[in-house]
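**Q** The primary structure of each chain is shown beneath.
Number of protein chains: 2
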Amino acid sequence: MSARDVLIVQEVAPRDGFQIEPRFIETADKIALIDALSRAGFTRIEATSFVSPKAVPALRDAAEVLERIARCPGTIYVALVPNLKGAERALAAKADELNLVMSASETHNRANMGLTCEASLAAFARIVEAARGTGVRLNATVATAFGCPFEGAQAPERVLDLVNRYLALGVEGVTLADTTGMANPLQVRRLVARALSRIPAERLTLHFHNTRGLGLANVLAAREAGALRFDAALGGLGGCPFAPGATGNICTEDLVSMCHEMAIATGLDLDALIRLSRGLPALVGHDVPGQVAKAGRPCDLHAPPRTA
Amino acid sequence: MSARDVLIVQEVAPRDGFQIEPRFIETADKIALIDALSRAGFTRIEATSFVSPKAVPALRDAAEVLERIARCPGTIYVALVPNLKGAERALAAKADELNLVMSASETHNRANMGLTCEASLAAFARIVEAARGTGVRLNATVATAFGCPFEGAQAPERVLDLVNRYLALGVEGVTLADTTGMANPLQVRRLVARALSRIPAERLTLHFHNTRGLGLANVLAAREAGALRFDAALGGLGGCPFAPGATGNICTEDLVSMCHEMAIATGLDLDALIRLSRGLPALVGHDVPGQVAKAGRPCDLHAPPRTA
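Residue numbers (this note's numbering), protein chains in the order written: chain A, 1 to 308; chain B, 309 to 616.
Source of the hints: derived by calculation from the structure; they are not laboratory data. Each hint can be trusted.
Incomplete in silico selection of chain B near chain A, CB under 10 Å:
hint, residue
1, F458
2, E459
3, L528
4, P613
Label pairs and their calculated CB-CB ranges:
hint, chain 1, residue 1, chain 2, residue 2, range
5, B, A463, A, P305, 21 to 29 Å
6, A, V6, B, P612, 37 to 45 Å
7, B, R583, A, A119, 39 to 47 Å
All residues carry an ideal CB built from backbone N, CA and C; glycine is no exception.
Modelling step: build the complete structure from the supplied sequences, incorporating the hints.
**A** Next up, the structure:
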């Protein structure tokens, strides 16, 4: 099986999905979902975020979640960290990997992190120091890599320069994130091809939102450029603060269904994912955007109506 | 500008969208929408269907719609016809083009049309006779070309044989329809490439539903194989009787936004389409699946929040 026949999905619903839910998801429910996701075959799960409990009360139980989940051998449990304090909490909670985040857009980084981009990079360097010798992996994300809702298009050179600086800091993985769903397939193919001249596909993750309906088309465009690893959220949880009613992350089970129909292996149990997704509306208290959980797999046939 | 830089959208909301709406859309509202669509730049609009008013009361005003719309020079107003009687009504109402429909799947054709496939083909021959000398164009659709909800996968040879038989009957255009959204991009690329060895791209239309989230990815796959012409519905109207809550046709304004972001010309006024789509919930009485109308175009920027 060649790399062209495989796609690696990192499940991010417990972090990127739950962080914006207005209703607090009970810690036991979070743990049950993460454990079920582990059993469904994920090798990477972004389990929580060590942000300020005041800023994001939805994830105030980050340490307890990491402590109580049943860790599956071979699965990497990732924690997003916004700063050194968050990194120290995540290290104490024994996250397998820290995901550091800043935006390509100066305006977005100030709005989202309260820091200039240079201050974020300096914080990254301190986190790298703190993690040294712990055996914990580091990934760094370029948010708004495909466009910023305040500034608009971001120069590819700016994004690629950040990739270079991340690698120089010593992080293992890099994520390019389309934070508010502004990317298009032509842009994705070009930027991913350039990023892959700097970092091998095994270490690059693409994070797409389906805000304007292009999430899965962007996945295929990234794959054509050589990408292997993608973030996705069960049920398409997540969202965009600037687009009420807009859809969130690309939907895990829709992505996996597409892959399996195209003979691309994911190692994931699609039936289990659909069952889990169908439980989400009861958990979060609203409908979710995922479509395969509503429509069924293409191979789920129906009885024809009786005709005269 | 090469053919690679152009995509032709046929708007089908007035037919494929309105036909399944439980609430009757007033004739004046249908006409106002079609006229606004004409002004937005469409060169092809599937305006209605001459089905039995008992079977599809939603479109019982087909003749009045065709009579009262303000026809735009250069725009082709298409009417779907299920049988010879419908074709005679459509010819009397001066449709510019008739769209004949049957399914690749014998089971689906019996369920949908009440006919065997051979009986449908015989009816097509009679319709061709009836249209001869009128100057009215003919298009014929292969429904369930990418899969049948009762039978499952359809052999490509079966679909391509129907394309051959349509062309032998003398129709000008052929549509391959993914009636219940079962297609995937790999399958689309392969089948479209084979179809284009039989019919030039200018005469082939692809009709995708977004039932499982792959509609726009399938458009790009078809384009890679050389396709030029696509059906889409404003707001993503339409649906699938076997998947309550599932999305319908691919969404016109989402498709057009994608194209314009990728420097593919459509000749359509995206701002006008978004305005029209934002009026649909009031017209049909429910939310619609289109995403760009909710999220705005990628270039619609937001003011950054004030930070300390």
